[in-house]
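Enquirer: Read off the chains here:
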Amino acid sequence: MKHLIIGAGAAGITAAEQLRKLDPAASITVLDGEGEAAPYARMAIPYLLSNQIVEAGTHLRRDPDHYRTLRIDIEKGRAAAVDPVASLVRLVDGRVLPYDRLLIATGSVPSREKVAGIDLPGVHTCWTLADARAIIASLRPGTRVVQMGAGFVGCIIIQGLMSRGADLTVLIRSGRMVSRMMPPKASDMIAQWCAAKGVHVMGKTQTAKIEQDGNSLKVTLTTGEILPADIYLSVVGVKPGIDFLAGSGIAMQDGIVVDARMRTNLPGIYAAGDVAESCDCVTGKSQINAIQPNAVEQARIAALNMAGGAADFVGSLAINVLDTLGLVSCSFGQWQGVEGGAGVELVDEANYRYLSLQFGDDVLIGATSIGWTDHVGVLRGLIQTSTPLGVWKERLLADPTTFMAAYLATSQKAA
Amino acid sequence: MQKSLHIDANKCTGCLQCEMACSYENYGVFITAKSRIKIFDFENEGRKVPYTCTQCAEAWCLMACPVDAIRLDAVTGAKVVNEATCVGCKVCTIACPFGTINYVAATGKVQKCDLCDGDPACATACPTGAITYVDADWTGFDKMRAWAGKTDNATRASA
Numbered sequence: 001m002k003h004l005i006i007g008a009g010a011a012g013i014t015a016a017e018q019l020r021k022l023d024p025a026a027s028i029t030v031l032d033g034e035g036e037a038a039p040y041a042r043m044a045i046p047y048l049l050s051n052q053i054v055e056a057g058t059h060l061r062r063d064p065d066h067y068r069t070l071r072i073d074i075e076k077g078r079a080a081a082v083d084p085v086a087s088l089v090r091l092v093d094g095r096v097l098p099y100d101r102l103l104i105a106t107g108s109v110p111s112r113e114k115v116a117g118i119d120l121p122g123v124h125t126c127w128t129l130a131d132a133r134a135i136i137a138s139l140r141p142g143t144r145v146v147q148m149g150a151g152f153v154g155c156i157i158i159q160g161l162m163s164r165g166a167d168l169t170v171l172i173r174s175g176r177m178v179s180r181m182m183p184p185k186a187s188d189m190i191a192q193w194c195a196a197k198g199v200h201v202m203g204k205t206q207t208a209k210i211e212q213d214g215n216s217l218k219v220t221l222t223t224g225e226i227l228p229a230d231i232y233l234s235v236v237g238v239k240p241g242i243d244f245l246a247g248s249g250i251a252m253q254d255g256i257v258v259d260a261r262m263r264t265n266l267p268g269i270y271a272a273g274d275v276a277e278s279c280d281c282v283t284g285k286s287q288i289n290a291i292q293p294n295a296v297e298q299a300r301i302a303a304l305n306m307a308g309g310a311a312d313f314v315g316s317l318a319i320n321v322l323d324t325l326g327l328v329s330c331s332f333g334q335w336q337g338v339e340g341g342a343g344v345e346l347v348d349e350a351n352y353r354y355l356s357l358q359f360g361d362d363v364l365i366g367a368t369s370i371g372w373t374d375h376v377g378v379l380r381g382l383i384q385t386s387t388p389l390g391v392w393k394e395r396l397l398a399d400p401t402t403f404m405a406a407y408l409a410t411s412q413k414a415a
Numbered sequence: 416m417q418k419s420l421h422i423d424a425n426k427c428t429g430c431l432q433c434e435m436a437c438s439y440e441n442y443g444v445f446i447t448a449k450s451r452i453k454i455f456d457f458e459n460e461g462r463k464v465p466y467t468c469t470q471c472a473e474a475w476c477l478m479a480c481p482v483d484a485i486r487l488d489a490v491t492g493a494k495v496v497n498e499a500t501c502v503g504c505k506v507c508t509i510a511c512p513f514g515t516i517n518y519v520a521a522t523g524k525v526q527k528c529d530l531c532d533g534d535p536a537c538a539t540a541c542p543t544g545a546i547t548y549v550d551a552d553w554t555g556f557d558k559m560r561a562w563a564g565k566t567d568n569a570t571r572a573s574a
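If you read the protein sequences in the order shown, they are chains A and B.
Just so you know, the numbering used here puts the end of the first sequence at 415, numbered straight through with nothing missing.
Just so you know, the numbering used here puts the end of the second sequence at 574, numbered straight through with nothing missing.
Honestly, the hints are just simulated from the structure, not real lab data.
Think of the CB as a built atom: it goes at the ideal place given N, C-alpha and C, for glycine as much as any other residue.
Treat each hint with caution, since some may be false.
[As the list claims (entries may be wrong)] If you want the ones that stay clear, here's a sample from chain A, every Cβ over 12 Å from chain B, calculated: (1) 9; (2) 10; (3) 66; (4) 96; (5) 109; (6) 119; (7) 133; (8) 138; (9) 202; (10) 244; (11) 346; (12) 374; (13) 377; (14) 385.
[Said to hold, decoys possible] Taking CB as the label site, the calculated pair distances span: (15) 447/B to 397/A: 24 to 32 Å; (16) 445/B to 112/A: 20 to 28 Å; (17) 308/A to 417/B: 52 to 60 Å; (18) 54/A to 533/B: 29 to 37 Å; (19) 457/B to 397/A: 15 to 23 Å; (20) 487/B to 54/A: 21 to 29 Å; (21) 539/B to 266/A: 37 to 45 Å; (22) 197/A to 457/B: 36 to 44 Å; (23) 533/B to 51/A: 48 to 56 Å; (24) 92/A to 534/B: 54 to 62 Å; (25) 92/A to 487/B: 49 to 57 Å; (26) 458/B to 286/A: 56 to 64 Å.
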């Protein structure tokens, strides 16, 4: 059996390892589109920026012989097209790789800002190790950085930029930081935190054009304001890396549509991770939850099925944890709440602490926190298991900080 | 036979010897806030509940770690954080549905119970037998693990 995996991120590597466990004789090839020393975790890049780790610290696995020992072939190259009729993948460099089972795990790619000057030198995004290297190479104390975007990536790299002495301006089109994982009040608190730490935060504006100005850049905003910059960082979100699948016949909406077994509409072809659009276990809707734990779980399920098993994915859950200049925030499930559902929001602006719990009938369906690091995992536990809260719902509405007690009382009666 | 921590909350007096022992074992100081085992105090019911990692088979933290910083100790069955490798991304802290792996801002790393290499200080320190270290099959952790199964994809058995 010839297994081919496109993508050497967390999903691709997890699937390869799982396949090896299940089938000692199979041929397993992982197509790695980046020419790095070893498969690595994008999750670790912020810590490389802040000089807390070296490049090897981003590698997915510690043992340099890991892939050789498991007889997983890491093939360098980018996929150009999938031919499902001939069961092969065509690479950009002209090579052709055949498969019996194919897993598409190409992850996300950064969205490209459509403004004049986006291809100028000095304009970067921050997604790959190569991006991080380029930023580090041009960043000195006092370097003027204009960053467009304050989503998850935009926020988590601020520490790295500031730790290297950047003079940082962050532009936010919506006016709200991490608007896709934080309620308005929580967004405001993160923005205040950044401003207090010396970041120039500019809401409700965006870049109109970028021009070269001698050795620097001139960034013109839609408001007409002009900002001088040494580096322009475009971090305006990500999208599934599925462009190469156009015309393949693989069904796609926002991402690649998969069933509970991570199968696409075409036989022998599976998808997992940030490219896969699957059922969300809270909303029941087909959506992409582009986060690490979902990626590895989907990869594990995909591999079980590729190896001839029958395993179902119960659905993904949107969970996020973000560190913005040392301020830790989390969001879980339907943190926005639902129409007619009860909810409670605790705001302590002076101490940068925030907690929001959102309920369905008798269960927790979503949560958001800032400044909480102890036992936050139980919020996931309560949401994902739809644990009936009984009397604890009212208690939590009165005092949401008692979520750990609620969890112990409702879920750990054995304790 | 692997052993695991057995917790009998009915025997807990809330003396916090376990928290102090855990803190001392791992950090050389008696600061209960640093402890990896926590006593929860249900004041209205007069009940104290010791709580820490069950070293669950699902190993949510280990699976979620993007840089391979959490490893299985083959002897004790503990899931152990390698601090030198941990980058502090905290993904494990939201992936663990038990809330038993937590971020420590002072170190920039996460921490969890590692069973003290097979000689857990909390169990040794507990004066009432509320925390014991016994053969895994014998413990009452089955119920907690059953709950872990609910969080899980119910497919592991068929795999």
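Enquirer: Indicate, hint by hint, whether the structure satisfies it.
Expert: Evaluation of the provided hints:
1. 9: violated, 9 Å
2. 10: violated, 6 Å
3. 66: violated, 9 Å
4. 96: holds, 32 Å
5. 109: holds, 18 Å
6. 119: holds, 31 Å
7. 133: holds, 17 Å
8. 138: Holds: least Cβ distance 23 Å, greater than 12 Å.
9. 202: Check passes; 28 Å lies beyond 12 Å.
10. 244: Non-interface label on residue 244/A holds, nearest chain B Cβ at 24 Å vs cutoff 12 Å.
11. 346: holds, 18 Å
12. 374: violated, 5 Å
13. 377: violated, 4 Å
14. 385: violated, 5 Å
15. 447/B to 397/A: 24 to 32 Å: holds, 30 Å
16. 445/B to 112/A: 20 to 28 Å: Hint violated: Cβ distance 55 Å, outside 20 to 28 Å.
17. 308/A to 417/B: 52 to 60 Å: violated, 31 Å
18. 54/A to 533/B: 29 to 37 Å: holds, 32 Å
19. 457/B to 397/A: 15 to 23 Å: The hint (15 to 23 Å, Cβ to Cβ) holds, given that residue 457/B and residue 397/A are roughly 19 Å apart.
20. 487/B to 54/A: 21 to 29 Å: Given about 25 Å between the Cβ atoms, the range holds.
21. 539/B to 266/A: 37 to 45 Å: violated, 58 Å
22. 197/A to 457/B: 36 to 44 Å: holds, 39 Å
23. 533/B to 51/A: 48 to 56 Å: Cβ of residue 533/B to Cβ of residue 51/A: about 36 Å, so the range 48 to 56 Å is violated.
24. 92/A to 534/B: 54 to 62 Å: holds, 55 Å
25. 92/A to 487/B: 49 to 57 Å: violated, 39 Å
26. 458/B to 286/A: 56 to 64 Å: violated, 45 Å
Hint compliance for this structure: hints 1, 2, 3, 12, 13, 14, 16, 17, 21, 23, 25, 26 are broken, all remaining hints hold.
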